[in-house]
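I would like the entire structure built from these sequences, with the hints used as guidance.
Protein chains in written order, with our numbering: chain W, 21 to 314; chain L, 3 to 262.
Everything labelled a hint here was simulated from the structure, so no lab data went into it. For clarity, every value in this text was computed on a predicted model and none was experimentally measured. Some clues are possibly wrong.
[What the hints assert, rightly or not] Capping the alpha-carbon separation at 20 Å, the derived lysine to any residue pairs in SDA-like fashion look like this: (1) W:K214 <-> W:R278; (2) W:K96 <-> L:R179; (3) W:K96 <-> W:L150; (4) W:K96 <-> L:H184; (5) L:K176 <-> W:Q111; (6) L:K176 <-> W:M133; (7) W:K85 <-> W:M133; (8) L:K176 <-> W:S35; (9) W:K96 <-> L:S186; (10) W:K131 <-> L:A51; (11) W:K96 <-> L:L175; (12) L:K176 <-> W:A98; (13) W:K96 <-> W:T80.
[Stated by the list, open to error] Here's a subset of chain W near chain L, in silico, CB distances under 10 Å, partners left out: (14) L79; (15) Q115; (16) F128.
Yeah, the Cβ is synthetic: ideal placement off N, Cα and C, and Gly gets one too.
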Amino acid sequence: MSPIICAENLTHVYSAGTPFEVTSLEGISLGIKRGEFFAIVGATGSGKSTLVQHFNGLLTPTSGKLWVCGVDVSGKKARRDLWRRVGLVFQHPEQQLFEETVFEDVAFGPKNMGLPRDEVRQRVIEALQLVGLDPEQAERQSPFQLSGGNMRRVAIAGVLALKPEVLVLDEPTAGLDPRGRRQLLDLVESFRQKQGSTVVLVTHNMEEVAARAERIAVLHKGWLALLGTPRDVFNRAEELRAMGLDIPVAAALMRQLRDAGLPVRTDVLTNKEAEKEIARVLTSGCRQAGTSSP
Amino acid sequence: MLVQYFPGDSLLHRLDPRTKVVAVLSAAVSVLAAADWQGLGLAALPVLASLFLTRLPVRVFLHGLRGFWVLLAITFLVQLFTIPGEMLLELGPLGISRDGLEAATLIFLRLSLLILAASLLTLTTSPISLTAGLESILSPFRRLGLPAHELAMMMTIALRFIPTLLQEAQVLLKAQRSRGAHFSAGNPARWARGLLPLFVPLLAGALRRAEDLATAMEARCYRGGANRTRIRTLRFSSLDYAAVGVALGVLAGTLALRFL
Chain W
21 MSPIICAENL
31 THVYSAGTPF
41 EVTSLEGISL
51 GIKRGEFFAI
61 VGATGSGKST
71 LVQHFNGLLT
81 PTSGKLWVCG
91 VDVSGKKARR
101 DLWRRVGLVF
111 QHPEQQLFEE
121 TVFEDVAFGP
131 KNMGLPRDEV
141 RQRVIEALQL
151 VGLDPEQAER
161 QSPFQLSGGN
171 MRRVAIAGVL
181 ALKPEVLVLD
191 EPTAGLDPRG
201 RRQLLDLVES
211 FRQKQGSTVV
221 LVTHNMEEVA
231 ARAERIAVLH
241 KGWLALLGTP
251 RDVFNRAEEL
261 RAMGLDIPVA
271 AALMRQLRDA
281 GLPVRTDVLT
291 NKEAEKEIAR
301 VLTSGCRQAG
311 TSSP
Chain L
3 MLVQYFPGDS
13 LLHRLDPRTK
23 VVAVLSAAVS
33 VLAAADWQGL
43 GLAALPVLAS
53 LFLTRLPVRV
63 FLHGLRGFWV
73 LLAITFLVQL
83 FTIPGEMLLE
93 LGPLGISRDG
103 LEAATLIFLR
113 LSLLILAASL
123 LTLTTSPISL
133 TAGLESILSP
143 FRRLGLPAHE
153 LAMMMTIALR
163 FIPTLLQEAQ
173 VLLKAQRSRG
183 AHFSAGNPAR
193 WARGLLPLFV
203 PLLAGALRRA
213 EDLATAMEAR
223 CYRGGANRTR
233 IRTLRFSSLD
243 YAAVGVALGV
253 LAGTLALRFL
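Structure below.
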């Protein structure tokens, strides 16, 4: 199956031709498979946000090619309609709410799609339920009365209600507490399974992607530095560290144990895996010790 | 504002902001007072010399003028076609007279010079030193109840947040466009309603930021103009005296040409 997003040598230069010219992306080539949970990680200023804004047609490549859902985004008409198929949740999306009620705000996107009234209503209710908000209350409540965490849920529901083929989230968990983060990522996962959508998650939190992403692209100063499964990528801790990134705590722990002389595997991603691996090594070590002593 | 501050180390950059404010004001009066070619030529001299002294590329100034091209074009055309006199050219109902051509060219040059003089100030003076200069100029009026420091602080804050607001507006534009908002065309009522998704969050953000800023200032025990000192005190150098001297000299010259 052909990838749903395919970039070939994509380069983006801001303010090209002026003294303020900045090359933000350089020669990015990658393919994202349909239905994949894909993560894009990188330090601040690595070009993550610029890259994903190409995916729904907000930006166009300065040079290179990009196909999204089989459409070449260099065409103006194609680009203008891409928002219907690729939903982009911006950083701090709670700052974009504007309607009088939560319900109306979530309905903004579906209404712009030109859907019939009851279809809009249905989608809003579904999206609100998905993010864990009460649709009935949402018809009366102003989004500005909500807590920061709930405002973000509303904003994300506003994009989920578009039922996009590709859901792109730009640092969706920034500023949330640990439970809020977990709930948010869980709801993204359940949306993906329900809709069969592709998910592209932009983050610099490695724990988040370790357990969930199928593949990770690491950007560094506008270049595609690494691309692979979490296991492949996190096995290259030195390179990641040089790029200002970290590896998940579990992987870091295993490296330290290995350096301390314990023969553990280091390509673990989650705390559970680490626990199992340590238990395996310790019990087999005990058994060895047991057999060798008379 | 006209044009953004362009950091540099030219003669003009080094002048005291008060000098530049006074010089620009007197240049403006000179340009407006000049009634003929001689007067305008005299008034233009220091402005053009200053352009040269900034050592900035000409492109920068043209860019500043470009923002006013509608105003320049309209005033030029109105003068050109409406002043009666000895006809040079007739195009149906419209005609261009010798006096009209002269008046139109004069007003065009006069407006351009005003814009250039003002952009000289904003190009070579950082907003912070500009407001410091204004505060210092206005401080004698404090006795009359003018809150000079507060006015300067308000200006500083407003200037400081222009780029922030612009950036935020850009993000909002993209975010709402990602939900299918379109900000163009349609009848005026629809167009205005279409801007709500942009302006409501922008306003909410500005209010939130204002509150944060007030808290931050209070946390640093900010108390208006009460005996505050500055990290950089303004001081007149011989260069400043010379510049003010030239500006006032030219002003006196143009006034003399006009009224004597």
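Hint-by-hint comparison with the structure:
1. W:K214 <-> W:R278: Measuring from Cα to Cα gives roughly 41 Å; hence the hint is violated.
2. W:K96 <-> L:R179: Holds, at about 14 Å.
3. W:K96 <-> W:L150: At roughly 33 Å apart (the allowed maximum being 20 Å), L150 of chain W and K96 of chain W break the hint.
4. W:K96 <-> L:H184: The hint holds at about 14 Å.
5. L:K176 <-> W:Q111: With Cα atoms ~11 Å apart, K176 of chain L and Q111 of chain W stay inside 20 Å; holds.
6. L:K176 <-> W:M133: OK: K176 of chain L and M133 of chain W at ~17 Å, within 20 Å.
7. W:K85 <-> W:M133: violated (27 Å)
8. L:K176 <-> W:S35: holds (17 Å)
9. W:K96 <-> L:S186: holds (15 Å)
10. W:K131 <-> L:A51: violated (59 Å)
11. W:K96 <-> L:L175: Satisfied, since the Cα-Cα distance of roughly 18 Å is no more than 20 Å.
12. L:K176 <-> W:A98: Holds. K176 of chain L to A98 of chain W sits at ~17 Å (cutoff 20 Å).
13. W:K96 <-> W:T80: holds (9 Å)
14. L79: holds (9 Å)
15. Q115: holds (6 Å)
16. F128: Holds, because the Cβ-Cβ distance from F128 of chain W to chain L comes to roughly 6 Å (cut-off 10 Å).
Against the hints set out earlier in the document, violations occur for numbers 1, 3, 7 and 10.
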